[in-house]
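Taken in sequence, the protein lines are chains A and B.
With positions in the first sequence counted from 1, the corresponding number in the working numbering is that position plus 38.
Position 75 (the second sequence) corresponds to 57 in the working numbering; numbering is contiguous.
Since the hints were derived computationally from the structure, they do not count as laboratory data.
Hints are supplied without guarantee of correctness; some may be wrong.
As the list claims (entries may be wrong) - Short derived list, chain B residues pointing at chain A, Cβ under 8 angstroms: (1) Ser52; (2) Thr53; (3) Thr54; (4) Val55; (5) Leu56; (6) Arg57; (7) Leu66; (8) Leu70; (9) Arg78; (10) Met79; (11) Met80; (12) Ser81; (13) Arg82; (14) Glu104.
Don't be surprised by glycine CBs; every beta carbon is placed ideally from N, CA and C.
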Amino acid sequence: MAGRSLRGSAAIVGAGQAGIGSAAGRSAFDLVGDATHAALADCGLKLSDIDGVFSATMVNAMPAVNVAEYLGLRPKVTEGTNTGGGSFLAHMQWAALALDVGLCEVALITYGSNQKTGAGKFVSSSEVVPFEAPYKPRYAVTPYALAAARHMHEFGTTREHLAEVAVAARTWANLNPEATARGPLSIEDVLSARMVSDPLTLRDCCLVTDGAGAVIMTRADRAKDFPKAPVYMLGVAAENWHRWVSSMPDLTVSSASRSGPRAMEMAGVGHDDLDLVMLYDAFTITPIMFLEDLGFCPKGEGGRFVADGKLRHGGGFPLNTNGGGLSCVHPGMYGLFLLIEAVRQLRGECGARQLPDPKVALCHGNGGHWSSQVTAILGLEETL
Amino acid sequence: MTTMETAIRVTATGPGPERLWRDALAAGDLTLPFCLDCGRAHFYPRVLCPHCGSNAIELRRASGRGTVYSTTVLRRRPQDGGNLNIALVDFAEGPRMMSRIDGIDPEAVAIGLAVEAAIVEEEGAPVVVFRPVEGA
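Chain A with its partners taken away, still in its complex shape (with noise of 0.2 angstroms):
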């Protein structure tokens, strides 16, 4: 076992959101601007305080950069690594290396997009994939309904254990001011949809919003000098197995079967542990196959798992507790707003959907055609 762990090394002690839902006007950097605005003014530290800049995004070469220039900083690290819609997790984790060995005192991880009132559609790359544009797929979509084909055939999961998914996401965000879709939705109302990619309806889909997130890191040492409760990383792992759908070895397996472990081995938690779980759910069946791979129940069972409306709101598992991607906000990369919302469950901040006392959150992010897969622990200070 080489070197020694992060645990608990680092924290976060400040975040903020900007512009959930719609920002008409307002440019992906105007709200990366608001959000890091609101994440300094949650911790009472000030712009010229960030010496660490991490960002992805799915439209700029060098993202990372084109943040610190709006902010006008001058970082010392600027680390843009983009492993798709998890990038954010895993830019925790070297964050929380950078600030361990001292190369930045005060880390900025950030995302923002205006997609919907922008582009007015899901913003993917622009690469061309080789071997599959032949046949006209369309990201992300068309991978996860491969995998959901594939899951229903070997496992017997139904639709309407992946409508479950969305009715239960919608019960969060009935409680939440901020979630862009609220209202009754029935598993008739996702099963009835409009069909987008055999067997995912348009309600198996996350929603296309604008959004913006940022938080706030630094290390343990000072993280108790902030007003508010610092949220530490207790664990975090990341492991990838392919890019593109078609080079996925098993589609229903990820490599979150890998990082989720290891993760949790760091943290030294037990699935008994978490108090909230926040997985990515760009698609009614991701949720599904992370409670497989995470070890939440055994592989294959994931649909049955689910179909007692266990992660409805008051249904005793609670998971993305802000209405997920499916039903509080998807901005093309959905990974910070995991970190946001298990922030503010740690901290007692969500009013409604507030959970009783929770201490303990494991947020799950996803990258890619289910490529690249990260897992980070996070905790009150009474967990180190």
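Given chain A, work out where chain B should sit, using these hints.
Leaving out everything else, chain B in the frame of chain A:
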């Protein structure tokens, strides 16, 4: 299809494996890369075997036989081209590729369906599609 006399050896200089694969396809031959060290096939073509790291690779004519591993129908309006099948097909030789199953209603394509490859021309380029095996 033309008859490829021998396998095409990928060399350390000159055209890379993707170009060689496309050239063979344009000549009517669907090939798969095989590793001469570990013996396993892979797809898409690479200079290094993704199974063992060897750079001793040759393209061999594929059997063309495969099985549908997964399938979806991308729902499109008629003016956008109508409903479109997109499938992942496992070759009998092992590797998987994205493709489309022709000669059958897109919604009737089922996982496990036995299919065989065909080369069609689309937008001026050869494209590998699959069709249900007759009588299978």
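The hints, checked one at a time:
1. Ser52: Since the shortest Cβ distance to chain A is 4 angstroms, the answer is holds.
2. Thr53: With Cβ-Cβ at 6 angstroms, under 8 angstroms, it holds.
3. Thr54: The hint holds - B/Thr54 has a Cβ within 8 angstroms of chain A, the shortest such distance being about 4 angstroms.
4. Val55: holds (5 angstroms)
5. Leu56: holds (5 angstroms)
6. Arg57: Since chain A brings a Cβ to about 5 angstroms from B/Arg57, closer than 8 angstroms, the hint holds.
7. Leu66: Hint on B/Leu66: holds, closest Cβ of chain A at ~6 angstroms, below 8 angstroms.
8. Leu70: holds (6 angstroms)
9. Arg78: holds (6 angstroms)
10. Met79: holds (6 angstroms)
11. Met80: holds (4 angstroms)
12. Ser81: Where the cut-off is 8 angstroms and the nearest Cβ of chain A is about 6 angstroms from B/Ser81, the hint holds.
13. Arg82: holds (5 angstroms)
14. Glu104: holds (7 angstroms)
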